[in-house]
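**Q** Residue numbers (the numbering used here), protein chains in the order written: chain W, 1 to 482; chain L, 1 to 322.
There's no promise every hint is true.
To be verified - Label-pair distances were calculated between CB atoms; the ranges are:
{"no.": "1", "chain 1": "L", "residue 1": "Ala121", "chain 2": "W", "residue 2": "Leu445", "range": "51 to 59 Å"}
{"no.": "2", "chain 1": "W", "residue 1": "Glu87", "chain 2": "L", "residue 2": "Glu92", "range": "57 to 65 Å"}
{"no.": "3", "chain 1": "W", "residue 1": "Glu45", "chain 2": "L", "residue 2": "Gly149", "range": "28 to 36 Å"}
Source of the hints: derived by calculation from the structure; they are not laboratory data. Note that the Cβ used here is the ideal one computed from N, Cα and C, for glycine as well.
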Amino acid sequence: MKISCSEYKKGPALDELISPQGEPHALAQNLCHFFSTLPENELAERVSAVDKAIMTAGITFTVYTEAGNIDRAWPFDVIPRMIDGKEWAHVSQGLKQRLTALNMFITDLYNEQNIVRDGIFPLEVLAESKNFRPACKGVTPPYGVWAHICGTDLVRHADGRFYVLEDNLRVPSGVSYMIENRQLMKRLFPEVFKHYLVQPVDDYTAQLYDTLAALSPRPGTRPVIAVLTPGIFNSAYFEHSYLAQQMGAELVEGKDLIVPDDDCVYMKTIDGLKRVDVIYRRIDDDFLDPEVFREDSVLGVPGLMRAWKSGNVGIANAPGAGVADDKVVYAFVPEIIRYYLSEEPILPNVPSYLCMYEADREYVLANLDKLVVKPANESGGYGMLIGPQSSAEEQQKFARLIRANPRNYMAQPTLSLSTAPTLCDGGIAPRHVDLRPFVLQSKGLYATAGGLTRVALREGSLVVNSSQGGGSKDTWVVEGLL
Amino acid sequence: MLSSVAEKLYWMTRYLERAEDTARLINAVTLMMLDMPRESAFGWSSLLKVAGLDELFYRYHSSADETSVMHFLMQDERNPSSMMACITHARENTRTFREVLPWESWEWVNEMYLYARKELAPVKDRRARYDVLQGIIRRRQSIVGLLAGTMSRDEVFQFLRLGRNIERADMTTRILDVSHAVTFSADTPAGLQYNSMLWMNILKALSAYQMYRRHVSVHAHGIEVVNFLLKDTAFPRAAAHCLGEITEVLDALPAAPQVLSAVRSLRSTIDTAPPDKFTGQVLHSFIDDVQIGLIGIDQQIRKRYFRNHDTPAQEEAATATQ
Chain W
1 MKISCSEYKK GPALDELISP QGEPHALAQN LCHFFSTLPE NELAERVSAV DKAIMTAGIT
61 FTVYTEAGNI DRAWPFDVIP RMIDGKEWAH VSQGLKQRLT ALNMFITDLY NEQNIVRDGI
121 FPLEVLAESK NFRPACKGVT PPYGVWAHIC GTDLVRHADG RFYVLEDNLR VPSGVSYMIE
181 NRQLMKRLFP EVFKHYLVQP VDDYTAQLYD TLAALSPRPG TRPVIAVLTP GIFNSAYFEH
241 SYLAQQMGAE LVEGKDLIVP DDDCVYMKTI DGLKRVDVIY RRIDDDFLDP EVFREDSVLG
301 VPGLMRAWKS GNVGIANAPG AGVADDKVVY AFVPEIIRYY LSEEPILPNV PSYLCMYEAD
361 REYVLANLDK LVVKPANESG GYGMLIGPQS SAEEQQKFAR LIRANPRNYM AQPTLSLSTA
421 PTLCDGGIAP RHVDLRPFVL QSKGLYATAG GLTRVALREG SLVVNSSQGG GSKDTWVVEG
481 LL
Chain L
1 MLSSVAEKLY WMTRYLERAE DTARLINAVT LMMLDMPRES AFGWSSLLKV AGLDELFYRY
61 HSSADETSVM HFLMQDERNP SSMMACITHA RENTRTFREV LPWESWEWVN EMYLYARKEL
121 APVKDRRARY DVLQGIIRRR QSIVGLLAGT MSRDEVFQFL RLGRNIERAD MTTRILDVSH
181 AVTFSADTPA GLQYNSMLWM NILKALSAYQ MYRRHVSVHA HGIEVVNFLL KDTAFPRAAA
241 HCLGEITEVL DALPAAPQVL SAVRSLRSTI DTAPPDKFTG QVLHSFIDDV QIGLIGIDQQ
301 IRKRYFRNHD TPAQEEAATA TQ
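If we strip away everything but chain W, and leave its shape as in the complex, we get (with noise of 0.2 Å):
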């Protein structure tokens, strides 16, 4: 196995690092140069140092299938991708500009739904929406921000541009990656960074820490924080757990905390009952609290609702936050930035057409062998249509699901994602990317440096999420080259 950029087969899409000739882009140049003289054997070596480090460090996540839930090292390919300085501060601006309106319109639906009363945004799909809580109405949260953590997954076009894809509200997950893909990095590929001013992505969990502190409701005192996982059999579980190491905060589990007549959080502790200030909760709003939302949730902490809207508990994200993800009012996040801000949206959406108008819905049926079709409400890449590669039958099956319910139905054109030089089998060969960034609000307002760029190892997939055969790369946005 050897790299060689001269015998890299670029497909037919926009290339991350190497131009449209075969030659790599200014600033791939040096990194190119490096792999590309990397004697074979080294290469083989530090690739299996990779993958010891990986399992040594217990870097996984679960995937479940039929036969039971399976512990997977987590694939990492070890050319990283590379932005440019210039163009991330820009892509930074949108996706910060992005987060500040989504959350003025959670705060808006909430309250005085203004923007239904204006017509920008139709009642029906308020009043179809899965993730709208009632149990929210009335309560406007610190900072009137409710998606404290938001991942928002990029791709870039044939034409060279970001677009957004998706805004991930809920409980995005991946963060960790990020972090421990930059490691990895720095420890066995150490040579490849004296060329290059890479912007540092570890200040993310003291952004983080900062982030959720300043939701604190006893402001001056040293704030008690826990992350409230599902437990051990989640898939993001070695997440959960990093943060809560990174960030010096408890990692707790819905029996470990209780909510008594008084309305505020206290952890079980050996000695006692202790305060809990702040709350990061990484399970579904549906699993959050047996009184208010589903009654048979044992991952949850009845009374939760109780102390948050009391304002004793500061949690992340806000309930009822998933409102605005969802791939349904995904299509009109332009203008609800136009609404809010009096501001043109700096980052793009990719075209989108709503089943639920008939226009969109008969051009979506008539062209279902073009089109990605996404359900409103699902992650993980779970129950999507993607047209190019789809039967005959998986498009039927669609056609009968959208008309049965074409609230929760959209459908987008098949993106060309770029692809990226990727170590496989017998050398190296494009694999489509695309790229997570994570956005944090509260008190401030904060944008990785990059994200995770996530890869679809297999040739010619466009799938991404690990869950589904995806592996990730450490990514570089560059200052200077030195």
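Please arrange chain L on chain W, whose structure you already have, making use of the hints.
**A** Relative to chain W, chain L alone:
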């Protein structure tokens, strides 16, 4: 510290201790079988009785031969105290401690698990069995060493120490009870010789033979062995030493007067027991009393540290008693 974390730490270390002690017990009993006269009536079923697992065993088996007893003690998942079950349980718990234990712990416990998975199953002959069990003991000791050498003496460490010493005291008393399972006349010269051999093997099962010889006697006399294994404060597997460790742990944790008084009461039962309690049937019922005392301590620990939170008022109550 979260009660649930403390409880899992306590059980993780109890399970690891149990796996190691079971390995020691099997090795010692195997050697002892070679020394014992046929009429001693000590068989594999006695080993089950000592381990407190005879009832569970006969639920699945009609008779206790070497193969089925070994399988049951070493790898049968239906036996929650089998070595494999203990190690699996400890491994699952360790995964959840990433943020409180040194990062290598998971790796080491996982390695022990993989070793047990691979090696415990195909053991056929006694010689190979001895080596595999030594392999388990060595791995467990490495983990204890890792934790002792890299952890702050914080609450996390104290709960590990607590579980280890409760389990160890329990196992020491169980192994002492082996003597009760063996019956032969002590009046004859041959009987005397076997008796001495029996006590020597009991010491060996607890890795106590060498220390006993150094500090007590070169001869293994019943009463002196019992005295050493129950009352000695310097030997780490002696019951009195384990109780001393537990007392130190309790001093380092949030005040627990009821646990402490249960420990003191058991300690005084042991310290004040006259030597005539230490033979035959009397010893057997004395050991029962000690085990009941240990169960009592375990219950008080749960009540104080793991289940102490019905209402916030208890927070005040707990502090008030300090």
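**Q** Against each hint, give a clear statement of whether it holds in the structure.
**A** Comparing the hints with the structure gives:
For the pair Ala121/L and Leu445/W, the beta carbons lie near 57 Å from each other, so the given range of 51 to 59 Å is met. A hinted range of 57 to 65 Å is violated for the C-beta pair Glu87/W and Glu92/L, which are about 46 Å apart. A C-beta distance of roughly 31 Å is found between Glu45/W and Gly149/L, which places it inside the suggested range of 28 to 36 Å.
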